[in-house]
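Going down the list, the protein sequences come from chains A and B.
First residue of the first sequence? That's 0 in numbering that gives the first Met the number 0, and the numbers climb one at a time after it.
First residue of the second sequence? That's 0 in numbering that gives the first Met the number 0, and the numbers climb one at a time after it.
If you're looking for bench data, these hints aren't it; they were derived computationally from the structure.
All of these numbers come straight from a predicted model, not from anything done at the bench.
Do not rely on the hints blindly, as some may be mistaken.
Said to hold, decoys possible - Incomplete in silico selection of chain A near chain B, CB under 7 Å:
id : residue
1  : Gly64
2  : Tyr84
3  : Thr147
4  : Ala156
The C-beta atom is built at its ideal place from N, Cα and C for all residues, glycine as well.
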Amino acid sequence: MGVAKARGVVLPVDNSPTCGQARAIAERVLDPELPVLTLADLGVLRDVREDGGRVTVTITPTYSGCPALDEMRADLHRALRDAGYERVEIRTALTPTWTTDWISADGRRKLAEHGIAPPQHKAGPVTLNLTPPVTRVRCPRCGSARTTELSRFSSTACKALRRCEDCSEPFEHVKEI
Amino acid sequence: MSFDNAYDAITDASDDKHWAFGTGFDDPLSGVDRAVPAGVSTADLTAYCLMLADDALVLSQRLTEWCSRAPELEEDVALANIALDLLGQARLLLTRAGEVEGRGRDEDALAYLRDEHEFRNVRLVEIDCGPGPGGDFAVTIARLLVFSTWRLAVFERLVASKDPVLAAIAAKGVKELAYHRDHAAQWTLRLAGGTEFSRERMVAGMARVWPLYDELFTTHEVERSLPDVAVPPSDVRAEVDEVLDQVFTAAALDRPDVAPMSAVAGKSGRDGVHTEAMGFLLAEMQHLARSLPGAKW
Ligand SMILES: [Zn+2]
């Protein structure tokens with residue numbers, strides 16, 4: 000069998016000038032779990048279409064069970080309704096699959112500024128680690144490379160908890176997927 | 000969009016009501032061609048989606064039983080997050096099952112209103128591995144290691160399924176399952192290489208789940224009748240054996256030497272024939288939804 004990408008699953012990204020206002024509003028909505036990022040920074044906002052008074056927004060989940068998805072939908076609804084759009088539809092697309100590579104450069108900078116270590120680019124698949132893991136995540140506070148993983152899962156599924164061995168501060172790290 | 004306290008957010012007049020159970024989540028599958036591929040039996044595809052969904056749903060329910068009862072706080076969080084990933088996979092698969100079936104059943108109806116014999120999960124996920132008298136943390140880790148290694152191997156192949164929805168669900172799932180497998184492997188190493196006591200428990204945990212290992216690789220007639228759509232689990236046996244042997248070697252554990260749990264008149268979990276534990280599990284999972292249909296808060 001071939002690969003899934005060859006199956007014609009293509010998600011349109013509409014950049015036509017007709018969707019100015021609604022797109023700008025949707026882009027400013029904050030992620031409920033990482034409120035330093037907008038949905039655009041996080042890379043989950045896939046499409047915004049305006050047709051008369053009707054807006055259709057397409058978002059994608061980060062993890063299959065991401066509980067923030069319903070909050071994102073509600074927040075998008077509210078923001079667009081408050082701006083005067085009466086007919087708002089939020090769709091959820093599964094493909095292309097979200098990975099941490101979808102987080103924008105701006106988003107990475109904001110995460111680091113708020114003490115959350117951003118994911119690295121092109122991290123590749125998670126392999127089975129049967130030896131002690133190699134540290135590659137830098138402390139967002141002091142920049143030290145001597146950091147230790149305390150817990151694979153942190154306050155949300157998308158983050159791990161680490162500690163810096165130099166400044167002793169714990170910090171969160173957005174895991175590469 | 001921001002509120003002074005959590006209660007304001009819950010009672011926000013413009014917001015949708017929250018379901019007391021289930022989600023009322025709709026349209027989770029757009030952006031993918033949802034038509035049933037040509038030549039594929041809808042009955043078989045529905046059954047296959049239920050198999051994959053029920054494995055995840057039932058193990059998710061079991062893992063949440065550990066919430067607040069794990070050996071350390073980090074592990075409470077980890078097991079709950081793994082359960083959440085599996086619940087997410089289950090929801091997508093149940094939605095797909097309901098859509099293909101075409102009888103108007105949504106994910107909530109399938110999760111809460113089916114009876115035991117209609118659940119098609121493998122028996123490995125339903126047995127009571129603790130907390131409590133049914134097992135302990137090591138048994139739970141043993142099951143998670145076996146399950147996630149197996150499901151990851153299946154999903155890695157399912158990414159190429161002729162059903163674009165299953166392929167998309169699998170593409171998301173492989174990333175999650177790889178984390179689950181790694182997490183369980185790390186704990187297997189720690190427990191097996193820890194104290195004499197922890198090692199004893201890890202050995203016992205692996206022996207407890209091993210009788211249900213063979214069932215994972217028994218290809219069901221539904222899987223056989225969906226070429227290029229379903230992944231016959233017999234195809235992944237060699238790979239799963241090899242990965243687990245790597246973990247066993249690193250942990251200096253022996254592969255358990257115990258007899259497989261037999262099927263009942265040739266039928267097992269995939270046919271809706273379950274162990275005694277299943278009825279209790281469903282009673283707890285479905286009670287609220289069945290007592291208060293459509294409840295909201
Ligand atoms: Zn530091």
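Quiz item: Was the hint right that A/Thr147 lines chain B, CB cutoff 7 Å?
Solution: 13 Å, violated
Practice problem: Using Cβ atoms only, decide whether A/Gly64 comes closer than 7 Å to chain B, and label the hint accordingly. | Solution: 2 Å, holds
Self-check item: Residue hint A/Ala156, partner chain B, criterion CB-CB below 7 Å
Solution: 4 Å, holds
Exercise. Double-check A/Tyr84 for me: the hint is only fine if its C-beta lies closer than 7 Å to a C-beta in chain B.
Key: 13 Å, violated
The structure fails hints 2 and 3 (numbered hints given earlier, in ascending order).
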